[in-house]
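Model the full assembly from the supplied sequences, consistent with the hints where possible.
Per the numbering used here, the sequence shown runs over residues 58 to 989.
Do not take every clue at face value.
What the hints assert, rightly or not - Derived DSBU-like pairs (lysine-lysine); straight-line CA-CA distance at most 35 Å:
1) K365 with K451
2) K395 with K917
3) K523 with K979
4) K969 with K506
5) K917 with K875
6) K589 with K562
7) K83 with K403
8) K368 with K429
9) K245 with K214
10) K263 with K118
11) K365 with K403
12) K368 with K403
13) K875 with K945
14) K702 with K847
15) K438 with K506
16) K206 with K217
17) K403 with K917
18) K562 with K403
Said to hold, decoys possible - Cβ-Cβ distance ranges computed for the label pairs, FRET-style:
19) K937 with V487: 51 to 61 Å
20) Y479 with K945: 56 to 66 Å
21) V487 with N318: 17 to 27 Å
22) G402 with L888: 51 to 61 Å
23) G835 with K483: 49 to 59 Å
24) E510 with D379: 20 to 30 Å
25) T624 with P255: 40 to 50 Å
26) S594 with P744: 17 to 27 Å
27) P482 with K919: 18 to 28 Å
28) D379 with D844: 54 to 64 Å
These are calculated hints, taken from the structure and not from any lab test.
These numbers were taken from a predicted model, which means no experiment stands behind them.
Just so you know, even glycine gets a beta-carbon here, dropped at the ideal spot from N, CA and C.
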Amino acid sequence: MKYFTLVFVVSLLVLSSVPLWADEAKPLILVMGEDSYPYQFVDEQGEPSGVLVDMWQEWSKQTATPVMFVSRHWTDTLDQLSHGDADVHIGMAVTQSRSEKFAFAQALTHVSTYLYLHQDLPPRLTFEELGPYQIGIVSGSSHETELLKLSSKVRFKRYKNRHELLVGVLHGEIKVFAGMQGYLRDKKINKQVISLFPLSRRILIKQVPLRPALNKSDGQLMQQVNAGFAAIDKGRLDAIEEYWIGIKPQQNGLIIATAINLEPFISLGGDGMPHGLYVDIWNLWSDKTGIPISFITSDINQSLDRVKSGKADVHIGYPESDKFNTGLLRSQLLYRVKSRLYSYGKPIESLQSLQGSRVGAVPTAPYLAQLKQALPDVELKLYGSVTAMIQAAKEGHIGSFVASSSWTHHYLVLQGAWSEFYPFPKLEFVTDIFVLTSPHNVGLSNRIKAGFELIETQELAEIERKWILDSQVRTFKSHLELIQLSGEQQQYLQDLKSIRVGYLKDWQPMEFSNEDDMFSGINRDVVDVITKQLGISVEAVAFDEWQSLINALIEGDVDIAGSVAATADRRKALLFSDPYWPSPWSLATPIETEAIFNVQQLAGQRLAIVEGYQLVNQLMGADYGIELVLVADPHSGLTAVKEGKVDAFVDKAINLASTLKHGDYSQLKMSVLADFSEQHSHFGIHPSLAQFVPLMNLAIKNLDQTKRQVIYQHWIQPVAVSPRGSDTVKWCVSVIIVLLILIAIILMCRLLLTKERLKRTQLESQLSKMTHFDQMTGFANRSLLDDRLKQAVLLHSREQATFGVLFIDIGGLKSVNKQMGHDVGDKLLKLVAEQMSTCIRRSDTLARFGSNEFVVVLNKSKDLDLVCQIADTIITNLSKSFDCEDTKLNVRASIGIAMFPADGDNVVELLKSADKLMYRAKQSGGNCYKSS
Numbered sequence: 058m059k060y061f062t063l064v065f066v067v068s069l070l071v072l073s074s075v076p077l078w079a080d081e082a083k084p085l086i087l088v089m090g091e092d093s094y095p096y097q098f099v100d101e102q103g104e105p106s107g108v109l110v111d112m113w114q115e116w117s118k119q120t121a122t123p124v125m126f127v128s129r130h131w132t133d134t135l136d137q138l139s140h141g142d143a144d145v146h147i148g149m150a151v152t153q154s155r156s157e158k159f160a161f162a163q164a165l166t167h168v169s170t171y172l173y174l175h176q177d178l179p180p181r182l183t184f185e186e187l188g189p190y191q192i193g194i195v196s197g198s199s200h201e202t203e204l205l206k207l208s209s210k211v212r213f214k215r216y217k218n219r220h221e222l223l224v225g226v227l228h229g230e231i232k233v234f235a236g237m238q239g240y241l242r243d244k245k246i247n248k249q250v251i252s253l254f255p256l257s258r259r260i261l262i263k264q265v266p267l268r269p270a271l272n273k274s275d276g277q278l279m280q281q282v283n284a285g286f287a288a289i290d291k292g293r294l295d296a297i298e299e300y301w302i303g304i305k306p307q308q309n310g311l312i313i314a315t316a317i318n319l320e321p322f323i324s325l326g327g328d329g330m331p332h333g334l335y336v337d338i339w340n341l342w343s344d345k346t347g348i349p350i351s352f353i354t355s356d357i358n359q360s361l362d363r364v365k366s367g368k369a370d371v372h373i374g375y376p377e378s379d380k381f382n383t384g385l386l387r388s389q390l391l392y393r394v395k396s397r398l399y400s401y402g403k404p405i406e407s408l409q410s411l412q413g414s415r416v417g418a419v420p421t422a423p424y425l426a427q428l429k430q431a432l433p434d435v436e437l438k439l440y441g442s443v444t445a446m447i448q449a450a451k452e453g454h455i456g457s458f459v460a461s462s463s464w465t466h467h468y469l470v471l472q473g474a475w476s477e478f479y480p481f482p483k484l485e486f487v488t489d490i491f492v493l494t495s496p497h498n499v500g501l502s503n504r505i506k507a508g509f510e511l512i513e514t515q516e517l518a519e520i521e522r523k524w525i526l527d528s529q530v531r532t533f534k535s536h537l538e539l540i541q542l543s544g545e546q547q548q549y550l551q552d553l554k555s556i557r558v559g560y561l562k563d564w565q566p567m568e569f570s571n572e573d574d575m576f577s578g579i580n581r582d583v584v585d586v587i588t589k590q591l592g593i594s595v596e597a598v599a600f601d602e603w604q605s606l607i608n609a610l611i612e613g614d615v616d617i618a619g620s621v622a623a624t625a626d627r628r629k630a631l632l633f634s635d636p637y638w639p640s641p642w643s644l645a646t647p648i649e650t651e652a653i654f655n656v657q658q659l660a661g662q663r664l665a666i667v668e669g670y671q672l673v674n675q676l677m678g679a680d681y682g683i684e685l686v687l688v689a690d691p692h693s694g695l696t697a698v699k700e701g702k703v704d705a706f707v708d709k710a711i712n713l714a715s716t717l718k719h720g721d722y723s724q725l726k727m728s729v730l731a732d733f734s735e736q737h738s739h740f741g742i743h744p745s746l747a748q749f750v751p752l753m754n755l756a757i758k759n760l761d762q763t764k765r766q767v768i769y770q771h772w773i774q775p776v777a778v779s780p781r782g783s784d785t786v787k788w789c790v791s792v793i794i795v796l797l798i799l800i801a802i803i804l805m806c807r808l809l810l811t812k813e814r815l816k817r818t819q820l821e822s823q824l825s826k827m828t829h830f831d832q833m834t835g836f837a838n839r840s841l842l843d844d845r846l847k848q849a850v851l852l853h854s855r856e857q858a859t860f861g862v863l864f865i866d867i868g869g870l871k872s873v874n875k876q877m878g879h880d881v882g883d884k885l886l887k888l889v890a891e892q893m894s895t896c897i898r899r900s901d902t903l904a905r906f907g908s909n910e911f912v913v914v915l916n917k918s919k920d921l922d923l924v925c926q927i928a929d930t931i932i933t934n935l936s937k938s939f940d941c942e943d944t945k946l947n948v949r950a951s952i953g954i955a956m957f958p959a960d961g962d963n964v965v966e967l968l969k970s971a972d973k974l975m976y977r978a979k980q981s982g983g984n985c986y987k988s989s
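The following block contains the structure:
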């Protein structure tokens, strides 16, 4: 009996222990969302990942509790928990409806939620103004509850999950959607979304804690969850979040360590803030990611130490290499600096000519070994800085030196010594500049890379164009310089290899043979731009006459020819490119004849024109009443006008101007024909090159206004022309004197005529002043300002120099007009204008832009500091009280400063930048200036 009793007890104990053992082996079921990157999502391998997943895995280790993750669509995760099919939801925001169903543990992390607005929507919309727009949300998310708290007018378009929401976003179904901070796992979609919904325009909804959720009946499990997370070291949880987010939880942005005095890459501006190429790239990164950044400046070694010690998160950019290894992590290639060989006084003919000479370099240059290999027969002399090398070259201690092209160019332009030094482009070294971070912070490195992937090459090219004046040393190629070709197109160009280009020997400046009988001129430069992009060579064929060139093109003796008009007759025999150059027609006539601006004025006259020009058919086909005289070339036509054989000669304006300037045609003048001023030149192409035409057009599209301007300035050099009318006036006066002696009546007529002319001259002078100058202040008006700015841009572009633009707003004038009357206001305005005019040089331009706005153009301003000093002087002088009608009156000057070409390389961009900065100064209370 005792035996059976013992067996029964043991069996009972064994059976009762089976459920207990099963509970211990059973993992905790954790339900999670499948696409809430980077907090909870399923990766490419189908594994649960994210901030909350790693935190729960850490909890599992801490509590020795096995866990199993189950991923679902978001609404299904809530159902899974409420139905008891999961023990815990790994983390969600708390809402009223969720609080009624679930109990919540302590917060594991916090996340900011935002409304993302499409770029086409008006800026600075409020929640109340979003009424007309549906807001895209994921069904069951907390966004709906939070947005209804902010405004009852909002309307929603619900999507099953985040993926479907983003598909709707990209398909244009919604203009506003709600989402949390962070970036998307799919880099391609992330880039597309941010390009349409800039982070700078998002609106913060709320910063919410993410808490584990349990069923309310699981009180014991709630204690276990809270106790487990409380036992984990906080530093470990922060490290998990930093790994995924890239930024420490308690940190609002990135601190970037940077050195200074590395123009044009990094320097301190007149406002004491860092400026430069690297700074602008990082500011763009900040705009793309929505992560604030701040810069901390020091010397190069201290800036590296700040990153190593954790006092800064990132180093702005350093030439890290195997030779100069800092021990930091190369997170991102920021830029590539090109270095070249420079000589003083005369250009370098070849590398062989440097044998036995001394060449300077800096000891920290990573390309020293390459330099020694390229120049084995020179004496390498090391200097502590590029400035020291430049001075040594001037003093004759070295014949040449190698340095960063951009830095050297910038320094020499500022010193006014650019023309004394010659770059040798055939020897070039490239130094990689890397963004550096701590090797222990992989999450930050990944976040930095993800941010740079959002930036388009074109955006980087625009920043580089702002800071790097020499296009030859730029690193980023804009979409205007890149041609995407298919494999078939690339093979066609490889097979083509070269093209035969026909040109005229003497048709300057469009095309001609230079002293070495080489194809030169505007058309040659355009052809070079095209062939360089397409990777083919040019075989030039010269012709004496235009008609011979056209005939050769039609016969296929040459492949293409420039400056060919695409007429209906020519299209029957030739193909044509897109237009590439403006080509208005002009007339050359004797100087004493009336100016001619349209063809109708030539009725009954003899007009010379080069045989083969397309204009011949147009003039013959219309009933203009003109007798055409065909000539072989422009010189023959001009000679015919000069000798009186014809009344006028017609040619392309640019060629006619060049021929008149360089030839013996001082008694001829030029006028543009308004009837034919809108015509453009095309390349004529033989039909056998039909496949080449679309490729050529792709390259022509890249011939933007900047490149055209460079080509134009290279071939068209403006010259000062003395007035030709002075001799005529003297002759007329002499004749009048003789006639006065002979006939008294004619004398009286001449006197009357002279008086009338004088009145007309005075009237024209007054009209000109009214047209170009402000009547109240005597300053240039907007029309003249526009002309002066255009001239400044052309002049400083050619000389690769800088100039400043001040946009000035005078505050306080409106209140004076309102309280004391416009007469007092006008007097005050004149006093302000007089005071401003004393602050600038006579060579500068001071213009009235609006009722209380002025613009100053400061020519040949070497740097921003000088411009800031002038702005400070204006503010100081205008901050004093003005005596007006026995009353002390005060005004406030708000000044925006823009520099060419850093803040804009054309008139519109310069004024826009200066106006924007002026508005910032005005918002700061006035009596101050702002610069970029």
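Here's how the hints hold up against the structure:
Only pairs whose Cα atoms come within 35 Å are accepted, and K365 paired with K451 is rejected, the gap being roughly 40 Å. Taking the CA atoms of K395 and K917, the gap is about 27 Å. The hint holds against a cut of 35 Å. A hinted pair counts as satisfied when its Cα atoms are at most 35 Å apart, and K523 with K979 qualifies at roughly 26 Å. Under the criterion of a C-alpha separation no larger than 35 Å, the hint pairing K969 with K506 is consistent with the structure, at around 32 Å.
Note on K917 and K875: the hinted pairing is violated, with a Cα-Cα distance of about 40 Å set against a maximum of 35 Å. Under the criterion of a C-alpha separation no larger than 35 Å, the hint pairing K589 with K562 is consistent with the structure, at around 23 Å. For the hint pairing K83 with K403, the CA-to-CA distance comes to about 85 Å; that exceeds 35 Å, so the pair is violated. At most 35 Å may separate the alpha-carbon atoms for a hinted pair to count; K368 and K429 exceed this at roughly 39 Å.
For the given pair, K245 sits about 24 Å from K214 by alpha-carbon distance, which is consistent with the 35 Å threshold. The straight-line distance between the Cα atoms of K263 and K118 is roughly 33 Å, inside the 35 Å bound, and the hint therefore holds. Proximity of K365 to K403 is assessed by CA-CA distance (about 46 Å); at most 35 Å being required, the pair is judged violated. With a CA separation close to 48 Å, the supplied pair K368 and K403 exceeds the 35 Å bound.
Our distance criterion of 35 Å between C-alpha atoms is met by K875 and K945, whose separation comes to about 16 Å. The hinted pair formed by K702 and K847 fails the criterion: a straight-line CA distance of about 40 Å is larger than 35 Å. A C-alpha spacing of about 39 Å is found between K438 and K506, which places the hinted pair above 35 Å, so the restraint is violated. Note on K206 and K217: the hinted pairing holds, with a Cα-Cα distance of about 22 Å set against a maximum of 35 Å.
Restraint check: the Cα-Cα separation between K403 and K917 comes to about 26 Å, which is no more than 35 Å; the hinted pair holds. For the hint linking K562 to K403, the alpha-carbon distance of about 31 Å falls within 35 Å, and the restraint holds. The hinted window of 51 to 61 Å between K937 and V487 holds, with their beta carbons roughly 55 Å apart. Against the hinted window of 56 to 66 Å, the Cβ-Cβ separation of Y479 and K945 comes to about 60 Å, which satisfies the hint.
The given range of 17 to 27 Å is respected by V487 and N318, whose C-beta atoms sit roughly 22 Å from each other. Distance hint check: the CB atoms of G402 and L888 are about 53 Å apart, consistent with the given range 51 to 61 Å. Remark: the range hint 49 to 59 Å for G835 to K483 is upheld by a beta-carbon distance near 55 Å. A hinted range of 20 to 30 Å for the beta carbons of E510 and D379 is consistent with their spacing of about 26 Å.
Checked against the hint of 40 to 50 Å, the pair T624 and P255 passes, with Cβ atoms roughly 48 Å apart. The hinted range of 17 to 27 Å is satisfied by S594 and P744, whose Cβ atoms lie roughly 22 Å apart. The hinted window of 18 to 28 Å between P482 and K919 holds, with their beta carbons roughly 26 Å apart. Separation of D379 from D844 is about 55 Å and conforms to the stated range, judged on CB atoms against 54 to 64 Å.
In terms of the numbered hints stated before, the structure departs from hints 1, 5, 7, 8, 11, 12, 14 and 15, listed from lowest to highest.
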